[in-house]
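**Student:** Counting in this note's numbering, the sequence shown runs from 25 upward without gaps.
FYI, nobody ran anything at the bench for these hints, they're computed from the structure. C-beta atoms are modelled at their ideal positions from N, C-alpha and C, and glycine is treated no differently. There are no misleading hints in this set.
Label-pair distances were calculated between CB atoms; the ranges are:
id: 1; residue 1: Asp88; residue 2: Ala112; range: 19 to 25 Å
id: 2; residue 1: Gln117; residue 2: Arg61; range: 26 to 32 Å
id: 3; residue 1: Trp56; residue 2: Asn99; range: 20 to 26 Å
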Amino acid sequence: MYSLAVRNQLAPGIDQLGTIRAISAATGETIWQHDQRAMTMSLVATGGGLVFGGDANGRFRAHDHETGEVLWEINLGSPVTGFPITYAVDGRQYVAVSTGVAGTAMGLLLLTPELRPSLGNNLFVFALP
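With the hints as extra help, turn the sequences into a complete structure.
**Tutor:** Here you go:
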């Protein structure tokens, strides 16, 4: 039987784990960037000009796709580990995302112990205006 020990740590001089970048497909240049302490876990862009993203601290945000401005934010209480999806029913658009911790994600949370999100598993669905 073998045992594997893992030690996660930040590189010297690094204190921001999460970054979202909008990069021009034409030029390869960064159009905007959003940095945060917690790791960015998942993103989805919509045809309506929004970029939804979650992080390891349980924050779920809507960014303007042209400027990166945070237009809406909610704390879901546990890490956003699932990829958000969007769908429409009877002409109404929704965004759904799951939260919770399993496997590798648990070890990565140790990189930011001061954030201390809960570990509950949930599915959240939001109707867009």
